[in-house]
Each structure stands twice: as structure tokens, then as C-alpha cells.
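**Student:** Below are the chains, spelled out letter by letter.
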Amino acid sequence: MSAMLAALAARDAAWLGGCGPDGDIVLATRARLARNLSDFPFPHRAEAAALATISIDLSRRLQRLPELAGGFAVEIAECEPRSRQLLREKLLAGDDLLANPDHRALVAGPDLALVALINGEDHLRLCAWQSGFAPLEALAAVMQLDDRMGTAFEPAFSQEQGYLTASPGNVGTGLRLSAVLHLPGLVMADEIDKVLNALRQLEFGVRGLAGEGRTVRGALFRIGNLTTLGRDEAEIAADFAAHVGKVIVHERAAREMLLVRDRRGLEDLAWRGRAALANARLMTTQETWDCLSHARLGAGLELVPNPSWGVFNRLLVRHQGAHLELAAGRRLDGRERSAARSDLLREFFAAV
Amino acid sequence: MKCHRCSLREASVHWLEMIGDQRRSLWLCADCAATREQTPAVPAGEPLVSFLGQGLGGAGAACPGCGTTIDDLRRDNRLGCARCYVTFRSTMLPLLARFHRHISHVGKVPGGSPPTTRLAEITRLRLGLTKAVAAEEFERAATLRDRLRELEDQSGPNDGGPR
Ligand SMILES: [Zn+2]
Ligand SMILES: [Zn+2]
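Taken in sequence, the protein lines are chains A and B.
The opening position of the first sequence corresponds to residue 1 in this note's numbering, with each subsequent residue numbered one higher.
The opening position of the second sequence corresponds to residue 353 in this note's numbering, with each subsequent residue numbered one higher.
Just chain B, same shape as in the assembly:
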């Protein structure tokens, strides 16, 4: 096979490039592969954060916490401070829903974390449950589900302590 880039020399290197979501597979000769090595592919933002730029309306008030404006958000794909989540709440919620498919937090809260051992046990049970269901071992799955419920009931569904 000839090199995909120069079409002159015999290809000897299988080259995989990932640019964002796109994967490109190339066969290159040693020379072209060496040149390619020097020039990294264009860095691509994560799928989520390029989303910040979309869906954002026109100019509005700046965040009182840090001075960030909608334009800054669009440019940086980053919020400026914790208060930005309040300032830009109405803009952020649909975007969070689209990306995470959830808008509210479940899990650890500061100072109220479940003991690590219990967390690990829950994780193990959930994993076992997934596997049991996949293997159609429904009796085992039922047992695991019961134990999981018991454990989760000990401190409410969110694993949280006081909120």
C-alpha cells in the first residue's frame, strides 16, 4: 500500500488521529509519519464546552462575583466563579440538562460524605447487580438489589448527610 499522504513511498505505519469526535485512520510511510509527529493535531474542546457558546443569549449583566459576562463565557467556555452559577442560572440549566441529562447534584456533600467503606460497598453491589442482570441471573440480582436498598436507606437516597 502506498502512503496516504505522499502516495510515493510504501506505507509502513498505521496512524490514528483523533480530532474531537472524529477519528481518522491513515497508512503513512516512515518519513511522513516522522513529519506528522512534529505537528500535533488541532486540539479540540470537549463536546460539552463548545456547547457553552451555543444557546447563550445577547449581552446581559456581568457576574457580581467576578465580572464575567456572557461574552466572556462564550470566549472562555468557562465560568468565572461560584456565583456565576447563580448569575447565569437560567442560561446554564438547559445546557446542563442537555449535556449531563440532569440538573441537580446527587452524591457527596462537603463534610457529610458517607464513610468510604460504605461507598465502596454500594459501588460493588451496583456493579454486581449490573453484571447479574446482563447475565440474566435474576435471583442473584434480586438479592443484590435488596441489600443495596437496605444500605442506601441508611442515609437516604442521595448518600448525603445533612444538606
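In isolation and in its complexed conformation, chain A is listed as follows:
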């Protein structure tokens, strides 16, 4: 593994710090813009030579931006499977970038808040992450990055349909806003279906933390807008802020309701979660998602001590397989992983 990847593996994204607005419920908010170069077919139709040209050129220009100086530049083709998994666990890249690694690249700033993905589904995707619930700040940051890159190439753009993208689902502004929310109250109160269905009616997409079609774990949901055409960036962001803001309100209400209905039950759940995190010697993945969820819920209701939202957020990333193996410096079998995971968790929870 290259020195750059090793440094990236060890780096916790700044936006996992838990200090943003509504940080007890919202882990982070991301704004993403999809852009393409007008002179080349979209990545899935482009020749290898074209992809190579695009990748080298965009990567070089991105690395020259002061916003990304001192950060990371990763060629996906040079990543072995474990490093690709690492990027997935850090929420930095998805299958569209990682599945066909040749001439795909990722460039990120030192705190991993600004991330550019090259030759994934589109030639360029610019992402800005913010801690907590901060869609307007995320939008401002990604628009600024787009302005900086604006002169670097002729974008695929039409008067009629705006920024042209490989998937017609991104055409227009190319803007997708999403937030990662912890919604155990709505899940336990059995109101989650109602809320998620209402969001779908309003044309928001909802999925598990890891991505499309994957299982929802630890009551973590990723909610994002689906429509990108016909409304400007500010309107999309205001709409997102208003509706996702309502989900946060509902989650708080559900927690209060549960507390009134069965305080002892919630206390028990939270203390059991905490006890396992602070004491267990073998922790499976599923157990860890659940215990972190229960302990976080308890901390939010001030039923159990809170090590800080940042600790919860960082552990959600770092307890996963590729992170554990890279920290250990070798391949781990299932039992060794459970052992390493419990050691990591105890390090943070035993003292609190």
C-alpha cells in the first residue's frame, strides 16, 4: 500500500467530528455536483485513452487548487480490494467509481471535506461534506469548488437541460444533497415507514448508510433529493433543509414519547449497549451497529454518559473490516476481527 493510502486510512474526516448543528441525530451532510466534459463520451462509453486523458488532466488541476492542497490523490487502479473497501467505509466513494478501477481517481482535501471523484458515473463529481445538518453550508462549499474548476474545462451543458449527465436522473443542476441520520426513535416507535413514505412522496430517496440496496444498519439512514431539473440550487437546498429538518423534529418527538412510555426499557437498552462496548472481548459487526445505536440514543436522552458525538461517528467508520485490517497491518479472520473490533471500542468506551 502506498504512503498516501496509509495516510488516508489513518485520517478521520473532519465532518465526523460531531460538532455541527443537530449533531446528535445528523452525522453529516453532503452536497454533490455532477459534471462532464463536453468533448468526450460519458465514462461508461469512453475509450480507455480518453478516460486516461481526462483522469490525468482533472486530477492535476484539482490538486493545484488551494482548497485541496496538502490532501490526497488516489488512483483507484492502484488500490488493492481492501483499500477500495476502505474508501467505501469512509463514505468517500461508491461502486460507480470502484467497480471499474482503470483510470478512475479520487482527489480530496486534507480534512476530507472536499472530495472530487473522477470518471465514476460522470467525468467529475464534486462533493462537499459538512458536520451535522448543514445543507446550505455544504451547498455553498461545493458551488465554490465548482466555480474554481469552472474555467478548467468546457462542461457538457445545454440551454434546455442544463448540465448533462450520464444518468438522466442527475441532469439540470447535477445537485444531490444528502444527509446521514440516526433515527432509532422513529424505528422503535414504528413510525419510520410513515416518515420514509412521506419523504418518497416528496421525491426524496432513502437508503441504508452504505448505499443503494444495502441493508439498513444501526438505524442509520441516508436521505437525499432525487430530482435535479427545473429548480435552481438554492431552491433544492431550501426544500431539502425544510423537509429533512422535519424528520429531525419527528425523531426528537419519537424519542420523548418512548421515554415517557418506557423509560426503564430505554435505560436498559442503552446501558446494555454501553456495557458491551466498554467490556466485551469479541464484537461482531451487527452487534456493534446495534450497540452503538442504542448507546447513542441513550446518550442523546442523557440516560448514559456520552463520550461525544464525534467518538460515535468515527467508530461507525472505524469498526468496519478494512479499517480494522489496516490498523492491524494484516488480514484478519472473522474471530480476529471481532477481537480487534472490541479492543477498538473498549479504548473509547472503557474510560467514559
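It should be emphasised that the hints constitute simulated quantities derived from the structure, not laboratory data.
A portion of the hints provided could be inaccurate.
[Claimed, not checked] Here are the simulated SDA-like pairs of lysine to any residue, each with C-alpha atoms no more than 20 Å apart in a straight line:
#, chain 1, residue 1, chain 2, residue 2
1, B, Lys-483, A, Asn-100
2, B, Lys-483, A, Ala-198
3, A, Lys-246, B, Glu-488
4, B, Lys-483, A, Ile-248
5, B, Lys-483, B, Arg-501
6, B, Lys-483, A, Arg-252
7, A, Lys-246, B, Ala-487
8, B, Lys-483, A, Ala-253
9, A, Lys-246, B, Arg-501
10, B, Lys-483, A, Arg-60
11, B, Lys-483, A, Asp-262
12, A, Lys-194, A, Glu-235
13, A, Lys-246, A, Asn-197
14, A, Lys-194, A, Glu-256
[Stated by the list, open to error] Covered stretches of chain B (in silico footprint by chain A; criterion: 3 or more residues with CB under 8 Å from a CB of chain A, positions within the stretch not fixed):
#, region
15, 444-452
16, 489-502
We treat Cβ as the ideally placed atom computed from N, Cα and C, and that holds for glycine.
Following the hints, put chain B with the ligands in place on chain A, whose structure we already have.
**Tutor:** Relative to chain A, chain B with the ligands alone:
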């Protein structure tokens, strides 16, 4: 409660799966949950893009820009290049209208973006307006609406510069 999968052991894990739009809630025992962990749910396309396959007519001309045909569109759920939007325009417009509920772009244009600070201000005002209306604070809403109009009038309704 017994595990929903094996019906043998006591369930201890609440399991939520999302497959496309469908959400499934299961109670599983630790063993079944561990097995489930190994087999990710079937990835589902976004609602929009499975729509590309519908509504597409028979074989037609290939895109001069990239050689993509209707069959390719149906298979990949992706357009091949910027010109595909012209080549397949008549097919795409109804689909865009159905998915986005709009067919034409509003917002940033290359090289003509509104300054970021103004954009942020507009966003803040719109958000405040939504909240004020929801809270039935109509006087505040009216003030916000006036300020929003002023700001938007500065460069036309589309926030755009030269098009
Ligand atoms: Zn079972
Ligand atoms: Zn084409």
C-alpha cells in the same frame, strides 16, 4: 419472539432491509443475522433510471456522438454522451417530465454563476419563508418574500448570467 428466518432461536436483532422502495422489517436471531450480513440485498436501480427502459420505442438511429442506440439505453439506463440528449430528445422529454416534473433547466450556468454569497442569501430567505408560512407568521413571510423578490430581480428569475 422467534427468529423470522429460522423460527427456532429467540430473535435478538432488529433487521431493516431496503430493496428499492420496499422496506422490510425482520426480527432475527444472532446466527441468522450474521449469515445475512454476508449476503447483501439485491441492489436496486434508482426509481428514475429503471424508467428509461419503459417508454422507449423500437430501434432507431444510433447517436452520432457515441454510437449509443435505444437498445443500449434500455440496457445501461445511461446516456452515452452529451449529444445523446439531442439524438433521443423526443424520447427523453416525456421521461424527464415524468421524473423531474420539469423539462428545462433553472439554476447555475457555466461561467455565469451568481456569487456564492448571494446564492446562500437567497437560500436562507427561501428557507425562512417556508418556515414562516408553516408557522403562519404571515407578516414575517411577506417581508421575506419582498426581500427575496428584490434579490432575484437583480439578475432575472433564473439566477443565471448570460445564457
Ligand atoms: Zn434464526
Ligand atoms: Zn451519444
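**Student:** Does each hint hold? Answer for all of them.
**Tutor:** Here's how the hints hold up against the structure:
This hinted pair does not check out: B:Lys-483 and A:Asn-100 have alpha carbons roughly 44 Å apart, beyond 20 Å. Taking the CA atoms of B:Lys-483 and A:Ala-198, the gap is near 18 Å; set against the 20 Å cutoff, the hint holds. Annotation: proposed proximity of A:Lys-246 to B:Glu-488 holds, straight-line Cα distance about 16 Å (limit 20 Å). The hinted pair formed by B:Lys-483 and A:Ile-248 meets the criterion: a straight-line CA distance of about 15 Å does not exceed 20 Å.
At most 20 Å may separate the alpha-carbon atoms for a hinted pair to count; B:Lys-483 and B:Arg-501 meet this at roughly 17 Å. For the given pair, B:Lys-483 sits about 18 Å from A:Arg-252 by alpha-carbon distance, which is consistent with the 20 Å threshold. In summary, the hint linking A:Lys-246 to B:Ala-487 is supported, as the alpha carbons are separated by about 13 Å, within the 20 Å threshold. Distance hint between B:Lys-483 and A:Ala-253 is fulfilled; the C-alpha atoms sit about 18 Å from each other, no more than 20 Å.
A threshold of 20 Å between alpha carbons decides the hint, and for A:Lys-246 with B:Arg-501 the separation of about 26 Å lies outside it, so the pair is violated. The hinted pair formed by B:Lys-483 and A:Arg-60 fails the criterion: a straight-line CA distance of about 43 Å is larger than 20 Å. Distance check on the hinted pair: B:Lys-483 and A:Asp-262 sit about 33 Å apart at the alpha-carbon level, beyond 20 Å; violated. Between A:Lys-194 and A:Glu-235, the direct Cα distance comes to roughly 25 Å. Violation of the 20 Å bound is thereby established for this hinted pair.
The straight-line distance between the Cα atoms of A:Lys-246 and A:Asn-197 is roughly 14 Å, inside the 20 Å bound, and the hint therefore holds. Restraint check: the Cα-Cα separation between A:Lys-194 and A:Glu-256 comes to about 18 Å, which is no more than 20 Å; the hinted pair holds. Coverage of the region 444-452 of chain B by chain A holds. Counting CB-CB distances below 8 Å, 5 residues qualify, and the rule asks for three or more. Counting residues of the region 489-502 of chain B whose CB lies closer than 8 Å to any CB of chain A gives 0, which falls below the minimum of 3, so the coverage claim is violated.
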